[in-house]
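Novice: Please work from the sequences and hints to get the whole structure.
Taken in order, these protein sequences are the chains called A and B. Note that the working numbering numbers the first sequence so that position 199 is 199, with each residue one more than the last. Note that the working numbering numbers the second sequence so that position 201 is 201, with each residue one more than the last.
No lab work stands behind these hints: they were computed from the structure. Heads up, none of these hints are tricks.
With beta-carbon atoms standing in for the labels, derived distance ranges:
#	chain 1	residue 1	chain 2	residue 2	range
1	B	Ala56	A	Ala375	19 to 29 Å
2	A	Ile449	B	Asp64	39 to 49 Å
3	B	Thr130	A	Pro159	26 to 36 Å
4	B	Tyr224	A	Ala215	53 to 63 Å
Only a predicted model underlies this, so the values are computations on that prediction, with no experimental measurement involved. Yeah, the Cβ is synthetic: ideal placement off N, Cα and C, and Gly gets one too.
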Amino acid sequence: MPTCYVTLRINFRRTAVAAAMLVVMGLASAVHAGGPCPFGCGDISGDAIVGDDDFARFADCVGQPPASSADCACSDLDGSGSIDLHDFALLSLVYGQTSDETPPSCTGEVGSVANLTAYRPQHGAAYFPFVKTAVGDADEDDPSLGPGVRINAPGDSDPVGEDDLIEMTLTVSPAGAQLALRRDHAALRVWTTRNKSGGTELVFTNDKTAALPIAPMQSQITLWVEWADAAAGVGSLFVEPVDAPVVKDAVTFHTFGHIVIALGGEGQVPVLPVDSNSGTFVVATDLYNAGLDVHMYDEDVVAADGSGSAYNEAVTAVRDRGVSDVAIFGYSHGGGSTYDLADRLDVNRAAIGVFEIRYTSYVDSVSNNSDIDTAMELRRPPSTGYHLNHYQHGTLFEDFFLDGGPVPNSNPPPTGQDVETTPWGATSTHFQVDDYIEVRDLMTTTLAIEVGP
Amino acid sequence: MTCFNYCHQTLRRADRAKSEVWTIAVLMFISLASVSVAQTAPPTFEKRDDFQALIAQYAAADDDANRRQLLNRIRALDASPHHEAIRQSIAFVADATSTREAMGAAQLIRELKGSDQSLVESVMPLLDATDAKLVETADNILAGLEHRSAERRPDLSVYRELLADGIRNHEPRPDALIMHMYDADPGYAMLTLMRVHQLREPDAIKEILWAEHVVSDAQWRQRYGFLPEDESDPQAVNQLAGLARHDAWWARMYVAAVMRQNASLRSDTDIQMLQQDADPLVRQEALSK
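Specialist: Below you can see the structure in the form of structure tokens.
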């Protein structure tokens, strides 16, 4: 290996040296005759940043024919047909940054940086009763763990107003960078307003938008992503330069095929921050943060005949959003309401559509014919595929004799778990049973198995 | 015509006229009296600190001896059938901020209440409360007596004797309770009130039964997908139009309630007519959203 190359490998961060090399070598603008490189100049690995990984791949390709591998095709930055020091000089100019150019048109000009961040779904006017939660970078392009989106086909009705679009922010550097969005699924539509106001839809031509409406001094814009097709699916949005297929970031959306309904106990109301003494809502929040479409309610919204806003949401999910899997869980009167809601959904199947109550759970379930009903709820929710049941058998006078009880065909088999038979739940009362980490963890894991992505 | 005959006929006409005037006067008096009775405002419920403190202690108590002592103190504040104690407990439930508070007060109510009808008597004044949450809780407790389920319509029979007693004793009409009944199930509410008002003529009874059956059938078909929810059923609409002009206020009330709850069966003409109805409760229902 030539000594000058070794010297450059040690000192590759020194852009002045790199620039001098360019002057010495001269710029060659021959077009490489091999396959096109889909990534930005120097971004051989395709992770949108030129770093050590790219350098290592480049080093392996030095002296190799560009057509010998995908990495080598991306290493011929100037398209000269050989991978040499001139390419290295260009690589050095963009090291640690990004380029909006693609081989063989690399000039060493540093490009813009862009980051897409999608959020978990809204409820009604905003995110309450959940906190606005970003999908992590590690998960955002995963077809299962990435952002879920409710199907919002034409004719969809939203009882609480349009809340099916997913908020997505685009952060760019430098401010005002000229970037576009590309999609790989026609169902994805993007708006600059959450309620799809007239004239605010971004137009895709051949699945790519024109330059996004980023003002010269603006470094962040908020967009709203809609899945506007009745069929379920997975689709991605990519942010790229307007005239180059250089992917700077991507987010992958998957449609929700489920709905999860959480019902608290009497006197428990969803609040922010979530009340740590409301175990049902703690579980609901964990599931929401993990990416499920969770709806949290005061059990009072479920009438004794199962009707109410929770029922309406479940019906519209099945009827209008392509949901086929329903999960319901509740504590105390919320458990009684779990039964009532499941019962009404099961009775009215003929008018609702095809769905399964895939999962239900009771925690010390109490019948909920009214606010003063104190009877144990011992009936298995109708048609549920998996029923989890936790209860305590009573602490005499400490909890007004309020108890759940064994429910046929429940888990842990055969009738659920009396937590007072465990070391951790031996002294449980009705008011504590929903707060045990063991109960909450089992609810979270079993529900995720039955309903999760 | 002889003078005698003329005078005789004149006197007879005068007597008849005088009789008619007296009849009109009596009827007007009765109407004014009934309106006056119906418009008497019910007493307003107020939370009492003495009750609320004891109820809070009861809900917080974790041993039986302490709880029984508190129960006795609450009973001592309010003689049997403990209507006021029950109302105060319901108010506590309405404002509860934890499961313990809510269920503790619920257990107290179960200790204090007697029969279901007695509980209805306890709850009824709360239906006129100014606190919307309290009214909602009162409605909820009544719903618990109606055995509501997805598979059956509410059972309103628990109110029948109470309403019948009220009519026999010439008591004010319990408008808030009646609104609750019609909100729960207009058809069963109307049938309950038909029995309360003791119709006797089979044809008159059949007219009501048939109308309720036709409308309920249309709603059943909508519920199970045989008829789109937004599609009108002409026979049901026709029956409602007939009842909208019925002599009985409880039949006209049924029409207003059905049309409020089911837009597909609504007739703007009939609703506008009912909004001008002679009965204030019918007008209120017709004006409700």
